[in-house]
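These protein sequence lines are chains U and R, in that order. So for the first sequence, my numbering puts the first residue at 1; every next one is plus one. So for the second sequence, my numbering puts the first residue at 1001; every next one is plus one.
Simulated from the structure, these hints should not be mistaken for lab results. Some hints here could point you the wrong way.
Residues from chain R shown here face chain U by an in silico Cβ test under 10 Å; the list is partial [claimed, not checked]:
#1 Leu1018
#2 Gly1023
#3 Lys1028
#4 Arg1029
#5 Thr1032
Every residue, glycine too, gets a C-beta built ideally from N, C-alpha and C.
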Amino acid sequence: MPLRDLRSFLADHRAAVWEIDQPVGLRHTLTALQHELDNSGRFPVILAKRPQAADGSPLGNRVVTNLTASRELTAAALGIPDHRQTAFWFARRSASGIDPLVVKAVDAPVQQIVWEGEQASLQRLPVLTQHQLEPGPYLTAAHATTYDPDTGVDNTAIQRCWVLGERRMTWFPYPTTHNMRNLRKFWARGEPCPVAFWIGHHPAVLLGSQSKLKYPESHWRAAGGVLGEPLRLTPSRLHGDKIMVPADAEIVIEGFSPVDSFHADGPFGEYTGYLGPQVQAPLFEVGCITLRRDAIYHDYGSGLTDMLVPDNMAMEGKLYQMVKAVAPSLINVHVPTEGRRFHAYLQFQNPARGEARDALAAALAYRRVKTVVAVDEDVDIFAPQSLLWAIATRVQWSRDGMIIDGLSGSNLDPSLPEGANTASKMGIDATLPPAPRPGAPRAVPPVATVPPDSIQRARELLASAGGESWPRA
Amino acid sequence: MAQGMKTAAPAAAKPGLLRDTPGAAWEKRGNTLWLSCSHCQTWFPVSVALTRPGATPACCPQCHTKLPLA
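Bound-form chain U, shown alone:
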């Protein structure tokens, strides 16, 4: 099987890639393109071949963004035949990991070029400034790998980094993250924390390395599980085999986080679609940068579908596992991008009495989820009009709404009361009541439908009609 990396993915899906040959500004313009595409419901991968710095000067490396904005394309990258099967597929695949394969530096494309000393400048990379009010350029697809000094077990997570200068940046591991635990352990010993940030890989590796795991537990096995083959790793140049990095990544930035060194960070565009406030973040000092020849710099459009799609797909797998344990009639889960990461839709096949509400309670325990809707199998959880129809016609709020206060939530939720540490959440049971007895119809009005042969004839008529000029709304 040929190696699977960012380049193989782009080559395999050329028709979905928009290659931009003219110069494109890194300050806001590429991100503005993503906003426009999101708003018009189009999701090409963007490959900017001539990125321009803020002063108009060209930068050597190409930029890929919008890599995972399309659910269909991201599912294809994972080998999922239909994106609507993500929940079940992800639940199964991420639970079965594959051990990584270690290769020598000479066999690691990511170390083909090494920038050291004065050469190791972050300002040589085509880093984007995405939104207004952000203080400068941010790495948005940098996977920070650290390790637990007690056990040696590594951890990987995407953490944003504000480029402050040639060899200095912030990085923001949220206080409860495993990377922050590792950082604190090093600092408690009076030692700088070693970190390697790797950028650019096959989308399956990107999603697999984001799997939610216990502490301490390496992400490489999970990444291999999602990739479907061993992830190739190589020792980092500065940290050796204590921090391995993906051999087929595009760029690796290595260095240390000096003890007790912080800097202001943000405001920064978040998955909610709002700017998160300025916070305090650890500093990082660059030791060296390694790259593939003609490296492609990967950027995630923060708060755009580019970033929401992969994380929401992984959430679907996790929710499926959580809910299936208490509600065996669960058949599918969708975390729609229009709900950011706050909405989840659960689909059931003939749930027993009480089962939908059990499922709602279980799903609301997922920290980021704030609103969960349970529906039957005749409702398309990937079509908002279908879901809203179920809510409109199958819900009496005093009976079917379930509000639970004081559950864990996202502190980025702009609607939280000041000082709140927990969230108020809602479950909506939009399923139909079960039939009074097996074989009998449910005691509800039948859905108005037409027979399948009539639908087929209608489709044939429409196919021959054209209709490009007909009103869309």
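Once you've looked at the hints, dock chain R against the given chain U.
Same frame as chain U, but now just chain R:
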């Protein structure tokens, strides 16, 4: 259940009629009365008004058999 589906006639409070069973206030219950045609066994929803004295007979949407419920 799809419209027009035919099953064996169920036992019900009234011949051919089916309504949901009572339960706790927080449990979902259906509000619709269903009738199974005694001739072709097609299920269809009927208004409770058709069960009241003096009401017109129900009419099976499939075979048009008249079905007095009052």
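Measuring from the C-beta of R:Lys1028 to each C-beta in chain U, is the shortest one below 10 Å? holds, 4 Å
Satisfaction of the R:Thr1032 interface hint, Cβ to chain U closer than 10 Å: Interface hint status for R:Thr1032: holds (5 Å vs cutoff 10 Å).
Holds or violated: R:Gly1023 as interface residue toward chain U, Cβ cutoff 10 Å? holds, 8 Å
At a threshold of 10 Å, is the proposed contact between R:Leu1018 and chain U supported by beta-carbon distances? Since the shortest Cβ distance to chain U is 6 Å, the answer is holds.
Chain U contact restraint on R:Arg1029 - CB to CB distance below 10 Å: Nearest chain U Cβ about 5 Å off; hint holds.
When each numbered hint is compared with the structure, no violation occurs for any of them.
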